[in-house]
Amino acid sequence: MPMQATRLPAAGRPKIDIRGAAKRFGKMVALEGVDLELRENSFTCLLGPSGCGKSTLLNMIAGFAEPSAGQVLVDGRPVQGPSADRGVVFQEYALFPWRTALDNVAFGPMLKGRSKSEQQAIARRYLSLVGLAGHEQKYPGNLSGGMKQRVAIARALANDPSVLLMDEPFGALDAQTRETLQEELLRIWEQDRKTVVFVTHSISEAIFLADRIVVMATRPGAVKQVFDVEIPRPRERSDPEFVRLEREIKLLVRAEVQKLGVI
Amino acid sequence: MSATTLPAIATAAERPPSPWPQRLANAGMRCLAILIFIGIWSVVSLGNQYLWKFFNPVLLPTPIDVVRAGIDAVQTGELQANIIASMKRVIQGFGIAAIAGVVVGLAVGTWKPLEKLVEPMIELLRPIPPLAFLPMMVLWFGIGEMSKIAFIAYAAFFPVFTTTVEGIKYVDPVLVRAASSLGASRADLFRYVVLPAALPSIITGLRLGFGLSFFVIVAAEFIAADSGLGYMINDARTFFMVSQMLLGAVVIGLIGFVVNILLRSLEAWLLRWRVATRG
Ligand SMILES: Nc1ncnc2c1ncn2[C@@H]1O[C@H](COP(=O)(O)OP(=O)(O)O)[C@@H](O)[C@H]1O
Ligand SMILES: [Mg+2]
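Those sequence lines, one after another, are chains C and E. 1 is the number of the first residue of the first sequence in my numbering; add one for each residue after it. 264 is the number of the first residue of the second sequence in my numbering; add one for each residue after it.
Take every hint as true, because none was put in to throw you off.
Derived DEER-like restraints, expressed as beta-carbon distance ranges:
| # | chain 1 | residue 1 | chain 2 | residue 2 | range |
| --- | --- | --- | --- | --- | --- |
| 1 | C | GLY76 | E | LYS379 | 37 to 43 Å |
| 2 | E | CYS294 | C | GLU183 | 55 to 61 Å |
| 3 | E | ALA363 | C | SER50 | 44 to 50 Å |
| 4 | E | ARG286 | C | ALA133 | 30 to 36 Å |
Just so you know, these hints were derived from the structure itself, not from any lab. Each residue gets a CB set at the ideal place from its N, CA and C atoms; glycine is no exception.
Produce the entire structure from the sequences given, and follow the hints as far as they go.
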């Protein structure tokens, strides 16, 4: 049953459609010939060693960067710059240090011209969704890394975007916090479905979270292989299928790392 | 990571605020330092006057002489008038510099072509001590108020301008991305990201600029003025009234001290998010 749930509906239009997208920085080819279709409300992980172009690809979907060739379509239209409909969560949190947790989360609603009381109500709701009720008036400087990232997730969600882009959001957190936040992210996503693109270089994180894992190749960056993860949620890291998939992807990624000559 | 690799480093968030006894001790130390300074001054000046005459006592009045000169000057109303005259010039000149420095700084910092045009000019003018232009300003603007105000404005412009540009240059680009992914327009980015991010730097520039205004007003009043603390010092010099000369210096010092405290508390309030970080 859950296997079918993860298949792309034959007639359904993809939410994000990447067609032959490439990115060059001067002579350096960061990404080449990427073709991907991401179904609406799916959870996709981009996985690969660092430098393989994961952020570059995510930035093109976010509208921070334009493809040098090919197209990135969201809802069938080419991406033209960032938009409030595509929320982004960064590894560095990127909270506004001069705004309290509440005012950080209220930022999107404020830009949309909501009334002060609406902004506050929305921000409070999303802060409590990420488990930060009671921390509204704290400045980012007084929050731990895990709490900062919770605020950042609440801030992205408070805009109610249809796409959520996350670039190694848990990369700077300790293992414990990381696993807690993975579980909470899934809980939130299951309540309030969005098309999520999640960049990581942790294989187990990708298997734990994703409907679909896009393993990327290096030199130049490209899509190497796509895995549909059909293990029912909540997933156990000790599940035999989990372990098998982890091993398979590990071998694949190791080959890519060796291409870089790092190990 | 093993527990032995690193000593526990209290992060900024965890550091407790300094306790009261410690703050009191700090304040005590400051008072003591001032007392020691006045003590040395008293010993040298009084000793020179009554014990071993090392130099002409007229050259170094005692602290009491200065206080007496101060009381006289207040009674004649001369001191107040001079303070007001200097402060008026400083406030007007610095006001112009602050507005011009921030506005031009923001424009140059956000618009690249302007930066390429303006930056070299500024870099050319900046190393020239503002005093070098004072005689010219007197020629241009006369010996009235205008020349002093213009001179202060010119001198104080540079630190305000430079720090504003710097502040904008070092705005974290990931904050700009974050804001634009939340739907910020260019105007929103400027208002809600660039400006607050540059604010600490701008405030530092304003404080430096204000200090510099004080610095140069005295020089300007030496040369071309019939009022003000600088004039008071220079006027006292022609009549060889050393106590009054020192009085001028002391008053300038006190005003600078008080204004700096006021500006610092304004800064602490405006940047309370940063203070919060420090705990
Ligand atoms: N703005 C840029 N200018 C030049 N090179 C860049 C830029 N951004 C990324 N790159 C290069 O593109 C490659 C892919 O980078 P990135 O997408 O950040 O990789 P990843 O996120 O997978 O670690 C890297 O070799 C990186 O050095
Ligand atoms: Mg990256």
